[in-house]
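These protein sequences, in sequence, are chains A and B. Residues 1 to 246 in my numbering are what the first sequence lists, from first letter to last. Residues 1001 to 1232 in my numbering are what the second sequence lists, from first letter to last.
If you are wondering where the hints come from, they were derived from the structure by calculation, not from laboratory data. These numbers were taken from a predicted model, which means no experiment stands behind them. We put the CB at the ideal spot given by N, CA and C, even for glycine. Among the clues, some could well be false.
Said to hold, decoys possible - Keeping only pairs whose Cα atoms sit at most 30 Å apart, straight-line, the calculated DSSO-like set for lysine-lysine is: (1) A:242 / A:182; (2) B:1031 / A:72; (3) B:1182 / B:1059; (4) A:22 / A:213; (5) A:22 / A:72; (6) B:1228 / A:22.
Said to hold, decoys possible - The following residues of chain B were derived to be distant from chain A, with all beta-carbon distances above 10 Å: (7) 1006; (8) 1020; (9) 1039; (10) 1062; (11) 1127; (12) 1130; (13) 1135; (14) 1137; (15) 1139; (16) 1147; (17) 1150; (18) 1151; (19) 1201; (20) 1215.
The chain contents come next:
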Amino acid sequence: MTTPLLEARGLSMQRGGVDVVKNVSLTVHENDVLALIGSNGSGKTSLMLALAHLMPANNGDVLINGETVHGKHATLAYRRRLAMVFQEPLLLDGSVASNVATGLNLRSMPRQELQERVDEALELFGITALSRRSAHSLSSGEARRVSLARAFAMRPEMIFLDEPFTALDLPLREALLLQLTKLLHSKGITAVIATHDCQEVLQLCNRMAVMNKGHLIRSGTPDDVLADPPDDFSAAFARHAKLFNA
Amino acid sequence: MELIIDGILEAVRLLLSGDSEVLAVTWLSIKISGLATLLSLMVGIGIGTTLALAEFPGKRLLVTLVNTGMGLPPVVAGLFVTIFLWRNGPFGYLELLYTPAAMVIAQGIIATPIVTGISLAAIQSLPANLRLQIMALGASRSQIIMLLVREARLPLLAAVMAGFGGVISEVGASMMVGGNIKGQTRVLTTATVMETGKGNFDTAIALSIILLFLTFLVNLMLTMIQQKRRAR
């Protein structure tokens, strides 16, 4: 049995005095694409934030390659191995190109290599023509592409995507989903995706986990989980999946 | 009415004639208030950002104190700076009382809570997840602060305007710690009070107009930067 790339052991987390993640244990192996599903407020985003060491857990451990992450330097080094795309694009003031370059600049990447990476990421997401535009003048679809390009420009080992295609129109969502599927598989990037969309799960993911009121109540392959859904939300999800497959 | 018109004419005359005393008083006002604003920016942005980002017991109390400090009466600041710098006071040995340095300190103390409060509000007005996104991009602690301050720079310009506006126009503290000594600590506000006391209303109005014009000029400059950036 290989050591998982990422592992949560008995993870619990409070936000604003409320228990949002309760004793969650899960493993993510290299090249896994794990879907986290669950109703709003079930703890998907909080779990991802704890896994990414962006918010501290109250109890439990997050292990990377079997080792816990302790201290300021180790945490920063860990964060620099991953990327996260939030529900909102959260672009910074400046041009599209400068946004895509942000993570690389923070790593003090040499200028030429940085430029190559930025150009590559812009091309991957079809936004080369926008490179000089102000990030705040973009449509929501364009801004979403920029946030994805910014994340992939860092060539992360692992990516966390929090409902990445929310509020996008159908053609754009399908185009981006196809692009993302190709990217994750061709580059062998491990991913954790919080989603409400069964097409995303079926197209992108080889594993899925169901969250309910902060608990992780089932995990496995999408076929296994959807064959025996553990709660109403996943049961509805399974019905959609059947329609989608039909 | 005649008095005001005479005052305006006197102001024009003083400005056009390049009256050396008026120029010296104006220049000293700019230097003292500029330095005090700079000092308050260095301290206030740091404290404001830390207060906005950190979670610790007693934070609300501290924020309330900062907000109270935004309305700190200049004479109170002046009184305490005077006591501290007084001959027998804790810092009396520095012999700073009745010097421009004492005025910078007093004005800095007045401006710091203003800058802190506005910086705190500016950083808190950024999207809640922006800090997490910046962390996820691999930013170190100092890089996070740098990027957040950069994102909040337009509202932070308001802090500069409010800080400078607050100190260039105050008179109580400057009078108490500076003493309005001709050629040394006389600034536009203290000179205006003195001229009014002497009944020289035309000169007092002239000095007031210069003070207003100065404040207008600084705010115009900062507003232009702010609006230009916002329009991008």
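- request: Tell me, in ascending order, the numbers of any earlier hints that this structure violates.
  value: Result: hints 2, 3, 6, 11, 12, 13, 14, 15, 16, 17, 18 break, sorted rising.
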